[in-house]
Amino acid sequence: MITRTNNKKRGVFMKKISSYQFIALLLCCKLFNIMTYIPAKTDNGTLVLITLVVTTIIEGVLLIPAIVFYNRHDGKGLLTFASSKSRALGLTLSLLFLLLCLWTIIQTLGDLTFFLQYCFSDTYSAWSVVIVTLAATLYVSQTGLSAVARATSIIVIITLLALAFIFTGFKHHIDFYELNLAVRNPAFEVLKSSPKFIASSKELALFVILLGALKSKPAKTAFLYLGVKLFVSLISALTSIIVLGDFIYLSKLPFFTLSAYSQTTIVEHYEAISMMLWTLCALVKLSVFTISAGHCIHHIFPKAHSVLSYGVILVLAGSVTLPIILDERWESIAAPNTEAIITATLITFVPLCLLLFKRRQNVQEVM
Amino acid sequence: MGKNPDFNNYKNHKIASSLDKILLDCRTIMGNTVDLNIVEINICGADCALVTIEGMVSTSAMAELVFQPLMALVKPPDVKPKVAVYHFLTRKSLLTAERHILYDYGGVVQDLFSGFAVIFIDGVPKGISLGIQGFEKKAITEPKSEHNIMGSQEAFTEVVRTNISLVRRRLKSPSLRFEMHQIGEKSSTDVCLVYMTDKAPHEIVDRIRKKLCSIKLDTIISSGYVRSFLEDGIDKNLFSNVGSTERPDVLCTKLNEGKVCVLIDGTPFSLICPTLFVENFKTIDDYCWNSYFATFLRWIRFLAFFLATAFPGIYVAAASYHPEILNLKLMLNLSASEQATPYPLFVEVLIIMALLELMSEASIRLPTAMGSAISIVGGLIIGDAAVKSGIISGPELIIVGLTATSSFIIPSLNQQTSILRLAYIFAGGAAGFFGIAICTVLILANVCSMNEFDIPFTSPISPFSKKGSADVLGRSSFKTMEKSRTTIDDYTDK
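For the record, the sequence lines run as chains L and B.
Using numbering that gives the first Met the number 0, you'd call the opening residue of the first sequence number 0 and step up by one each time.
Using numbering that gives the first Met the number 0, you'd call the opening residue of the second sequence number 0 and step up by one each time.
In case anyone wonders, no lab produced these hints; they're calculated from the structure.
Since this is a predicted model, take the numbers as computed values, not measurements.
The reader is advised that the hints may include incorrect statements.
Partner residues are not named here, just some residues of chain B that face chain L (Cβ under 10 Å, in silico) [said to hold, decoys possible]: (1) A316; (2) Y320; (3) L327; (4) L329; (5) I435; (6) C438; (7) V446; (8) S448; (9) M449; (10) P455.
C-beta: ideal position from N, C-alpha, C; glycine also.
All chains should be built: construct the whole structure from the sequences, respecting the hints.
Quick look at the structure:
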């Protein structure tokens, strides 16, 4: 009656999740990035919208090998397949994906702490935010992927409803003249900005790592997610541009500033609510990446206890993040181009290589 | 079996042949208890004894259905007296609907304490038990914890057999099954497993049956004793997958949805497995009113749950950490009222919530007449005095009033709302909206991880089921329900 991947006794017990739950997980991770997007000084509003469309198309193309892999191997997980073919290959890929997950956890935790301190400096200390967030993430992660997926479906609805309120609360401030395209070489600028957007799409790595936990329809999942993500990103970017105008470049967090502008009859300002939404999405993102990292650890150390591995990952992430935040060097550690290359390589070339590996093996067997 | 039977080893001990030995054994097993009645009589030349437990049998039924026919018995000439009486009791008479032939003292004790009369015949190593129960029992009354306006006004009683008849009367289907189990090493309480064979998934029925049979408690006094054995994660979950009801009509609807129910002798509350979170928001009246009005009321209940759990915490978070989200006039009013009070808002709300819980507990434990007095003392005197003396601010009374009223709307979630409310107040008071968000995710993760019987507790909302959610977000029309016929199997996380 129930489809499960892997063996419960071996530490990882992952129930399959539906296509919609998978989309909710990816979207929740993306929403955190959308809400904490920091614009570059050189960004042009209209160009950002075009870049979002172009980047989404590129991401769609990048995911094709993973989709084909899933269909060719009847829903088998990528890491499980690699481990079954060659222990060394399985170990290498697990280690690479583990590092990516760990880096994403560090980034998310750091971003949440940094923005909470930046926007509510009187209220929250870095220590308390990191410790409370890590403890909560550990609890949420140990409930398992299916429980997190179910919770995320509800959180996504709450977040989207709240975003709808925020985006509709400032009708008096709209200025469509901000949508100009005053750029010399738009095509070049789009290509130049794309890596930054791809680097912020690390949730696509989840699609590859957790592919084996998807019940069915990988293509529908991937493309529906990209469609919804594009829609939400465009709405968010468009609203920020037409409401904030050039002020967008002065504010570190456009979404947060947008929330301060937004006003309804009941809620006077939405900053605190937007911070609540960050926290909700950040916790989901941290939990999913922790579970994914635990999945990678399981392929490296098959007998490792899942909760223990989650604990190790989170302690490691906390001990890296906290000194950087306390030292006020958080903003200087971003490297979007490198991150974009690593992300694209892992989500595209790994499944592609495994597909080719399989094809070569088949040809050798026939000969 | 060399030892004489006593209360430690009687269960499998075979009934003796001699009547004197049988009666001695019965007295030894039961320690010559004062409520053990033994009537020795001679019927057609055979020495017999009628054993009963005082207060458990109907004396009129015993006189009419047992004594009269036995006294009128005429022994056939060529048959031994003991054989004639035994044949009459077992084959040639219809004294009562329930008749058991007993071979060991385990059965004798079980039947005696269930209100049967047991007849022993000298020279026959068996007992014949006749069902003439007539113990005092509570009459069928109105439900006390699940009031309604238009539905049935009958509630379960404390006698499991009566409860079985209340269910059977409403579901005249041969697929409705009652399985009786005796649970409790000392109490041997009748626990009845109820399900519909064509609706309930066999895996769930088997699992519950197995769990019931594995209970090794000495006594089963209330439904709570059984409930904890039916749930695997009862110690770590905030909510419960096992629901309860005292209404036979509700039980019938649940059985028709494929759920498995447990009736327990001695308690009017039956258990329902599995129960979903959203079912706490449904009432039997929803199906008596127009669908649009029932939908409206259902959303009122969802709102009440939110107000009862999260609202005080959100209020503390907003007023203490994020006053900018409040309307300017409201913020100024709150600020003015808070200036006169000595404690931080967080402490004030905790005080008033503790007071609310005290009043609530006092009104439950005290007799009804005094319970209303407690409400007056709590609501008017303490509340008014607390505001006038400046210990708490006025708006907090509105918050607590709203919260208390909302929590009364969903009595089945009363335990959870009390605890979650405190959790939210702590979270909001300690870290504002950041704390509220953390608290929400933790609660959601806990609730969503409940998957007893492979049916997610949050079904049909998450995972979403279009078919199932039609009667959750709104109230489906009966025409739709006629077509869809949703059962619990539709929610299985396949």
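How the hints compare with the structure:
1. Look at B:A316: its Cβ gets to within about 8 Å of chain L, closer than 10 Å, so that hint holds up.
2. A hinted interface residue such as B:Y320 counts as satisfied when its beta carbon comes closer than 10 Å to some beta carbon of chain L; here the least separation is about 6 Å, so the hint holds.
3. Interface restraint check for B:L327: the shortest CB-CB distance to chain L comes to about 7 Å, inside 10 Å, so the restraint holds.
4. A least Cβ separation of about 9 Å between B:L329 and chain L falls short of the 10 Å threshold, and the interface hint therefore holds.
5. Restraint check, B:I435 versus chain L: the minimum CB separation of about 6 Å is within 10 Å; hint holds.
6. A hinted interface residue such as B:C438 counts as satisfied when its beta carbon comes closer than 10 Å to some beta carbon of chain L; here the least separation is about 9 Å, so the hint holds.
7. Annotation: B:V446 was flagged as interfacial toward chain L, and the flag holds, the nearest CB pair being 8 Å apart, inside 10 Å.
8. With a cut of 10 Å, the hint placing B:S448 at the interface with chain L holds, because the nearest CB-to-CB distance is about 4 Å.
9. Taking 10 Å as the C-beta contact cut-off toward chain L, the hint placing B:M449 at the interface holds, the least distance being around 8 Å.
10. Because the beta carbon of B:P455 sits about 6 Å from the nearest beta carbon in chain L, less than 10 Å, this interface hint is met.
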